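S.K.: Position chain B against the provided structure of chain A, taking the given hints into account.
First to last, the sequence lines map onto chains A and B. Residues 1 to 403 in our numbering are what the first sequence spells out, letter by letter. Residues 1 to 403 in our numbering are what the second sequence spells out, letter by letter.
No lab work stands behind these hints, which were simulated from the structure alone. Take the hints with a grain of salt, since some may be wrong.
It does not matter which identical chain is used: a pair holds within one copy or between any two.
[What the hints assert, rightly or not] Computed cross-link-like contacts, BS3-like style, restricted to lysine-lysine with a CA-CA straight-line distance of at most 30 Å:
| hint | residue 1 | residue 2 |
| --- | --- | --- |
| 1 | Lys57 | Lys384 |
| 2 | Lys57 | Lys299 |
| 3 | Lys26 | Lys57 |
| 4 | Lys400 | Lys384 |
| 5 | Lys384 | Lys328 |
| 6 | Lys57 | Lys167 |
| 7 | Lys354 | Lys302 |
| 8 | Lys328 | Lys26 |
| 9 | Lys400 | Lys306 |
All figures in this text were calculated on a predicted structure; none of them were measured in a lab.
There are 2 protein chains.
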Amino acid sequence: MSVDWGHVFASRVGGMTASEIRELLKLIDRPEIISFAGGIPDPDLFPTSALARAYEKIFQSNGGAGGALQYSITEGYTPLREWISEYMGRNGVNVGLDGVLVTNGSQQVLEFVGKLLIGPGDKIVVTRPTYLGALQAFSPYEPVYLSIPMEEEGPELAALEAALAQKPKFFYLVPDFQNPNGTTISLARREAILDLCTAAGVPVIEDTAYSELRYDGEQLPLISALDCARNGGVLTNVIYCGTFSKTMVPALRIGWVNAAPEVINRLVLMKQAADLHASTINQMVMHDVVSQLFDSHIKVLKSHYKERRDAMLAALEEFAPPGVTWTKPEGGLFVWVEAPDSVNGTALLARAIKESNVAFVPGSAFHADRSGHNTLRLAFSVTKPERIREGVRRLCGLLKEYT
Amino acid sequence: MSVDWGHVFASRVGGMTASEIRELLKLIDRPEIISFAGGIPDPDLFPTSALARAYEKIFQSNGGAGGALQYSITEGYTPLREWISEYMGRNGVNVGLDGVLVTNGSQQVLEFVGKLLIGPGDKIVVTRPTYLGALQAFSPYEPVYLSIPMEEEGPELAALEAALAQKPKFFYLVPDFQNPNGTTISLARREAILDLCTAAGVPVIEDTAYSELRYDGEQLPLISALDCARNGGVLTNVIYCGTFSKTMVPALRIGWVNAAPEVINRLVLMKQAADLHASTINQMVMHDVVSQLFDSHIKVLKSHYKERRDAMLAALEEFAPPGVTWTKPEGGLFVWVEAPDSVNGTALLARAIKESNVAFVPGSAFHADRSGHNTLRLAFSVTKPERIREGVRRLCGLLKEYT
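This is chain A alone, in the form it adopts within the complex:
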């Protein structure tokens, strides 16, 4: 006899399925493809020389590099946590060191939120659409999803109220330039969400991966900041998910979570059990780099990404056939396209790669309820403006056949 693996897997493994889209996207790593698929930052814009110098300094330091290479405390490198605490304070969120845990990107925060809060069959609230990675992080904990439609101003409040009446464990949202559809939640809607969730005793999970990347209009207060303002300056009802992956560099895998100390205490135990701590040397390097150039680097990113967003919106204006609509995001990395109902995004992707050398992510992957078959996510972050125009031209050529 030998092990029958399918038989010994825990039931939660059933919620983890390979994505057909992931298989399709393996085909796009050819130079002739114009890809709007990856929701990733442009490597040409990474602060490479500052990073090189930061690693170098670690090995040249008087005390030796031993500390940077050794096990370290689970909570994270103290100077980095101090920087985060100070940065959050500037954004209206007051947290002491006992309210900060460094993680492997904000993806790990989502994983921990699932582990902390979801029991099998528990209801959780997400927007429709929502971030695919959040669904992947939550699903193994076997929740029942309640999906709230997104309007231009944010989640539909009547639907949220109805969902909260079902006693969900939390409401997960991306307030600014949401992945995938670029929507930003208005200030009034942020206040209303906090009103409703607080009244129901339901935590808000605020994922701010793109919040720093605003190209037009004014920065809106974080829901975490509104929560602090209502609670004597203390972060109370919101778990804030932060990351340096979009603002600095993803490969160091450094993000963080802020929450009330009683939540952070549990997350520290979880982090210790999961992988002890984030890479010591990478935390030290990230601290060095953000201390030097966080604000100036964001300015550089914004000028480039704004130009690309503008190029994508202009190209859609120029080439999109009637019946195709799209969002006009004020920031972030994504434009969201809604095609006529006759379009199936996954089938379109297969054709687009094969016939037109252009790629994107079909929107259905971002729907907990698998709706949105006719939606497409286009990332403009890694493509130069002239290539963006050409890619949109090709994609719209295909779309014309359906309208």
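M.R.: Leaving out everything else, chain B in the frame of chain A:
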């Protein structure tokens, strides 16, 4: 109303408790303390210049550092996986690239094993004592532990057989120089464990954190290698947990898991949901360093650690009062002391820190059933021989009072 966090936590959070020992050990970061507490490698022995040069090379490469700083595939950096596959082959474990996943140290493998296999109330088998970090990784998935006593040759077979009759999900063990007690499982016992587990259809989880650090005697075949030999060269019934933390350096957080492809497939989805991938740059650096000096560096480590182990055993021989016994490990980082029943390890630690400036880890933490109150784990890895002698002298001075 606001969020009542205690009320919204999932039931699994109840299994995650802060350790009183961890609180005590926060007190030992003073130079006058001789600490045998940390099960950590000696930072003076890290391959620091090779690491410095590896980071430097990444930033000087012709193609630029972009790839090292960008998101990368979940499975891990391909050349590192190739190195691991080749290394495992030399150790009798044949796995292709589809049998290798790079993780954040082997701690993350243990976390994933828990998530993959344990449903609430499932039985799992561990040794008594066993690695504390494994208990921390498994407990949030709410298992029922079946603890098998350890004899000199390894787990007691009659107890294992009785445990397997209860249809557990897996048997977790450390074959070589086990943390905490330094025991090595004999070849005959490895074969017998594999016989019994395979007959019962129960997977073995083999954690080899210390296996390369053997100071006397001959290396024994891995249980993974025995499994391969029985199954036409194919790893079938064992999940192998590997790490570079003890052989190279911990702070890069690079370990790996080998298993049958159908298991690795699931673990890749789990890794993607948990934190996308291990740090790209750190994987590239680790690949560079292990390719250059893995074997020669292990030789250096062994010569130093052997000297320290010998110093600790000699000091115990010299100073230990009657009624105190200890293991004579052939490798690894730990000696395990059994004191008279009147000794409570945790109380002794508090006294040892306060009165004698010496620290260790009380053994009860390594018992799933909280037994072993009179046991102590002494790590010899970060202390020079003359300090080891002095520390053991002080500790034995205290122990004398109980005998």
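S.K.: State for each hint whether it applies.
M.R.: We went through each hint and held it up to the structure:
no.	hint	result
1	Lys57 - Lys384	between (34 Å within a copy, 28 Å between copies)
2	Lys57 - Lys299	both (26 Å within a copy, 29 Å between copies)
3	Lys26 - Lys57	between (38 Å within a copy, 28 Å between copies)
4	Lys400 - Lys384	within (24 Å within a copy, 75 Å between copies)
5	Lys384 - Lys328	within (18 Å within a copy, 64 Å between copies)
6	Lys57 - Lys167	neither (51 Å within a copy, 54 Å between copies)
7	Lys354 - Lys302	neither (33 Å within a copy, 56 Å between copies)
8	Lys328 - Lys26	within (29 Å within a copy, 52 Å between copies)
9	Lys400 - Lys306	within (27 Å within a copy, 73 Å between copies)
When the structure is compared with the earlier hints, violations turn up for hints 6, 7 and for no others.
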